[in-house]
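A.B. asks: So the chains spell out like this:
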Amino acid sequence: MTLHQKELLDNVLKMMDYSGEEDVLKSDCDIDIYLLDNCEITVPEINRFMVAVDCRAIREIVLRERFYAAKSTIRDPAYADGMAAKLYFGTYDFGHTSACWEDVIDLGIYGLRQRIDRYRDRAGNDPHKQRFYREITRVYDAALRFIARAAKKARDEGRTEMADGLDHLTKGAPSTLYEALQTVILYYYLQQYFDGTLLRTLGRLDTLLLPFYKKADKAIVPQMLLDFMQEIDRIRAAANMPFALGGTDEQGNDLINELSYLLLETYRKAGTNCTKLHLLISKNTPRDIVENALDAVREGNNSIVFMDDGRVIKSLELLGEEHRDAVNYHVVGCYECGANGEITCSCGTRMNLAKALEMALFSGVDLLTGKQIGLANDGVFPTFDDLFSEYLRQVKYAVDCGIYCTDLCEENYGMLHAAPIFSATYVSALENGGDLYCDHSAKYPNSSVDAIGLATATDSLAAIRKLVYEDKSLTLDELKAILKNNWEGQEVLRLTVKNKFPKYGMGDKKTDDLAKKTVDALAAQVNGHPNKKGGIYRLGLFSIDWRWKFGSLTGASADGRLSGETVSQNTGATFGADRNGATAHLLSVAYLDGTRTPNGAIVDLDLHSSAVRGENGLNAMTASLYTFLDLGGFCIHYNVLDTETLKKAKDNPEAYPNLQVRLCGWNVLFSSLSEKEKEEFIARSESAGMSA
Amino acid sequence: MKGLVSGIKRMEIHDGDGLRTTVFLKGCPLKCIWCHNPESISFSVQTAYFKEKCLHCGTCGDKHTAETALSCPVNAIVTYGTEYEAYELVETVMQDEAFFRAGNGGVTLSGGECLAQPDFAVELARLFHEKRISVYIDTCGFVPRETLKRILPYTDKFLYDVKAVDPAVHRACTGQDNAIIIDNLRFLSKMGAAIEIRIPLVVGYNDMEIPAIADLLKDIPCISKVKVLKYHNFAASRYEALGMENTLPPALTTSEDVQKAVDILASRGLNAVNGVTSD
Chain X
1 MTLHQKELLD
11 NVLKMMDYSG
21 EEDVLKSDCD
31 IDIYLLDNCE
41 ITVPEINRFM
51 VAVDCRAIRE
61 IVLRERFYAA
71 KSTIRDPAYA
81 DGMAAKLYFG
91 TYDFGHTSAC
101 WEDVIDLGIY
111 GLRQRIDRYR
121 DRAGNDPHKQ
131 RFYREITRVY
141 DAALRFIARA
151 AKKARDEGRT
161 EMADGLDHLT
171 KGAPSTLYEA
181 LQTVILYYYL
191 QQYFDGTLLR
201 TLGRLDTLLL
211 PFYKKADKAI
221 VPQMLLDFMQ
231 EIDRIRAAAN
241 MPFALGGTDE
251 QGNDLINELS
261 YLLLETYRKA
271 GTNCTKLHLL
281 ISKNTPRDIV
291 ENALDAVREG
301 NNSIVFMDDG
311 RVIKSLELLG
321 EEHRDAVNYH
331 VVGCYECGAN
341 GEITCSCGTR
351 MNLAKALEMA
361 LFSGVDLLTG
371 KQIGLANDGV
381 FPTFDDLFSE
391 YLRQVKYAVD
401 CGIYCTDLCE
411 ENYGMLHAAP
421 IFSATYVSAL
431 ENGGDLYCDH
441 SAKYPNSSVD
451 AIGLATATDS
461 LAAIRKLVYE
471 DKSLTLDELK
481 AILKNNWEGQ
491 EVLRLTVKNK
501 FPKYGMGDKK
511 TDDLAKKTVD
521 ALAAQVNGHP
531 NKKGGIYRLG
541 LFSIDWRWKF
551 GSLTGASADG
561 RLSGETVSQN
571 TGATFGADRN
581 GATAHLLSVA
591 YLDGTRTPNG
601 AIVDLDLHSS
611 AVRGENGLNA
621 MTASLYTFLD
631 LGGFCIHYNV
641 LDTETLKKAK
651 DNPEAYPNLQ
661 VRLCGWNVLF
671 SSLSEKEKEE
681 FIARSESAGM
691 SA
Chain S
1 MKGLVSGIKR
11 MEIHDGDGLR
21 TTVFLKGCPL
31 KCIWCHNPES
41 ISFSVQTAYF
51 KEKCLHCGTC
61 GDKHTAETAL
71 SCPVNAIVTY
81 GTEYEAYELV
91 ETVMQDEAFF
101 RAGNGGVTLS
111 GGECLAQPDF
121 AVELARLFHE
131 KRISVYIDTC
141 GFVPRETLKR
151 ILPYTDKFLY
161 DVKAVDPAVH
171 RACTGQDNAI
181 IIDNLRFLSK
191 MGAAIEIRIP
201 LVVGYNDMEI
211 PAIADLLKDI
221 PCISKVKVLK
231 YHNFAASRYE
241 ALGMENTLPP
251 ALTTSEDVQK
261 AVDILASRGL
271 NAVNGVTSD
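One line per chain: the protein sequences are X and S, in this order.
Read in order, the letters of the first sequence correspond to residues 1 to 692 in our numbering.
Read in order, the letters of the second sequence correspond to residues 1 to 279 in our numbering.
FYI, nobody ran anything at the bench for these hints, they're computed from the structure.
Note that this is a predicted model, so its numbers are computed, not measured.
Just so you know, not all the hints are guaranteed correct.
Straight-line distance between alpha carbons at most 30 Å, and here's what the computed DSS-like set of lysine-lysine pairs gives [what the hints assert, rightly or not]:
{"#": "1", "chain 1": "X", "residue 1": "Lys498", "chain 2": "S", "residue 2": "Lys53"}
{"#": "2", "chain 1": "S", "residue 1": "Lys9", "chain 2": "X", "residue 2": "Lys516"}
{"#": "3", "chain 1": "S", "residue 1": "Lys51", "chain 2": "X", "residue 2": "Lys647"}
{"#": "4", "chain 1": "X", "residue 1": "Lys500", "chain 2": "S", "residue 2": "Lys2"}
{"#": "5", "chain 1": "X", "residue 1": "Lys484", "chain 2": "S", "residue 2": "Lys2"}
{"#": "6", "chain 1": "S", "residue 1": "Lys9", "chain 2": "X", "residue 2": "Lys648"}
{"#": "7", "chain 1": "S", "residue 1": "Lys2", "chain 2": "X", "residue 2": "Lys509"}
{"#": "8", "chain 1": "S", "residue 1": "Lys131", "chain 2": "S", "residue 2": "Lys63"}
The whole structure should be built from the sequences, with the hints applied where relevant.
C.D. replies: What follows is the structure, encoded as structure tokens:
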């Protein structure tokens, strides 16, 4: 008797122990097993590789329940106001992971199960370790029962190919390309739906699948890859499902191969918008595959992120990670890089640079609520450098607070979540005999900080420098009064600052220096800072869609931004501030140290479609990419926008069902955006058109 | 050496090969009725007033001058014409040097008519050439032979406009005779210069000239490409803002018209390209 999602959820909630003494590893193993044994399995007509299950939201609800139960331990009320105001934010992150894909593909679920036995036999009598092996073995046994059940269901429905593959996977490693692809989707299901640990990359598919591809009948491969890509897309993973192509091996050889081209071609053909691609570009990456990917972007598939392989590796090595692990890095989520064996918790800590400047100006008092959330000061800054130092002091404080809040959660992971299926893919977890979360058993059990609103803070600092300290057209107190009043009655000044003042993103070193110094200070503080898991913190500079929320809680800023408006996106210029065009924009961003942001630093470059037309348009795009990476860029993504198309799609969404834009770290259908977001994209495209 | 510049455009792909920066020098000896850069016709600094952008904030006291342009908060008042020292302009353009190298591009001097500020244009070309930056000269050809001789050593390619062969048509469209232009084109060809011809196609004005242009060009060596550009009237608001009489013809030229012209040129053995569909 199999159960639907609602009944499964009810029963799972009954299994939970609310005493505060819950053994989370055991509980989560019980839940995994319960779901694996009891979920209803269907076989969608359209799927080629995998059955379907409906365990929607169950693990999220379990986590939420645990969070509330643990709240008094993992949240400190003294930091509630600063968190609520989004000066900083610190939380748990079980959502940005990469399995050790080599092992998953090499061994299959069956092989992973067998491997546990070998580690158990070697581990001696340590009861803690033995308990871990026992628990995860139970789960893997249930996973194999699930696969057998899925195989039977597929066979009952006459789906021989799927059933044969699944049957084989109950007793061995994948042996064909079909079974390898099936294993990818199968594992995805197991970790995502049963383990409740979000999986945020399929890994370097071109390298992982190459041995299987070599043995495969080439005539049937293209269709198989296409079916795979589309089946992945139908999973509708949160914020897109990435895979990577390229990269380098330990000796520095570029890994692009015949299959890379085929996968890119398949990706272009698939017309999907949930799968996304990280192209890892080394000095030896063939130019034609880069051009091919840029051409795909130009034709509307903008879900491709271009990453500098060398700089990613360097940024991980600077964290002290071993060369062989750094080289074999994964990119999870949007653009967060982690070494092989690393847990990044990439979205745990966030801080708002624009709000930190607000703290410097207003003595730590929140403009919106009047609460003291930052550090107090005497408000006297005779020179701009004095003010800038105070800003950096507030930045440091906000980072410290965010880290403290994250630490509280992370040192109590044992109260929140265990990941038995996921853990068994990590050799370090097996060696240490502990769960990746409950026991922090990763080789690199790390944590991350993201600083948001770099351009907003930089432009505001530049404006204060000019108004108060250079032109002396206002005193700092007068400017503060204006900001407090949200620029009311000062529209002329506000627009002058917005439209006429120097900005980050114009390739102007004097302004860019402010951004660079901010990032250098952040990197010095964050990178290598010990966490509570035996690992360290890492810096990122991405804002994704947090920028809306963080902006809504940030008072008026000196760059002409009104109270509540969004802060700037990722490492890019404020929209419309890139007045000197795309090359100047890239010069500003590349001026930042791209080796100190392993957690991701991306610029979203908006180009008008007319600026990338024809052969020379592709050449210019390629040149912009290579130059940016040569000059020190970490990663870049392009939005090729056409104002007319966006306007038509806004007025007439049903005529443009497939038009996609890159929202932040992921792609969305234009039709799914709010009116406000649609208008922002149209304004961006117009601004790109002006400089086109 | 100083000159007057009406604009600088970076990461340009439409003014020559590769990724380029186009520098627009101010002032032109022709007055083409379809000119899409009206701000670059006059040799003096001009102030434009875009009334649809105006907030009526009073900052300018309703005076639209170079002075008030500096303080207009929304750039409704814009000054066209910035004086640059040649070395200073070169420095600005060289910020993108790495992009030029990666994108097989360089700098294009355009206008207006860049060669109508001959000393400045030659000095710029020389300085860029010295730095091994590719220099393209976008010219209408209505310039003294002497200027061409001076710029030739520093020029990697001429983007040479041909608008009509019939002198009467040429005069009607540009205000000037075309004998010098055709002569200069033959001269550059004889000197072995690399030349790309550009034909702005304006239906009802010079489309009937295409066969004659084709006949003219087919006997001139050194022409690597003939590009037909589609006329548009996007510049209308700039004419108004500059207080200039709007001479723009109605925008009737279609992509098909451009293709027709391309086909005629190609049928005479020319390497004709469609400026709409290519870059």
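A.B. asks: Are the hints correct? Go through all of them and say.
C.D. replies: The hints, checked one at a time:
no.: 1; hint: X/Lys498 / S/Lys53; in the structure: holds, 15 Å
no.: 2; hint: S/Lys9 / X/Lys516; in the structure: holds, 26 Å
no.: 3; hint: S/Lys51 / X/Lys647; in the structure: holds, 24 Å
no.: 4; hint: X/Lys500 / S/Lys2; in the structure: holds, 25 Å
no.: 5; hint: X/Lys484 / S/Lys2; in the structure: violated, 46 Å
no.: 6; hint: S/Lys9 / X/Lys648; in the structure: holds, 28 Å
no.: 7; hint: S/Lys2 / X/Lys509; in the structure: holds, 25 Å
no.: 8; hint: S/Lys131 / S/Lys63; in the structure: violated, 43 Å
When held up to the earlier numbered hints, the structure conflicts with 5, 8 and fits the remainder.
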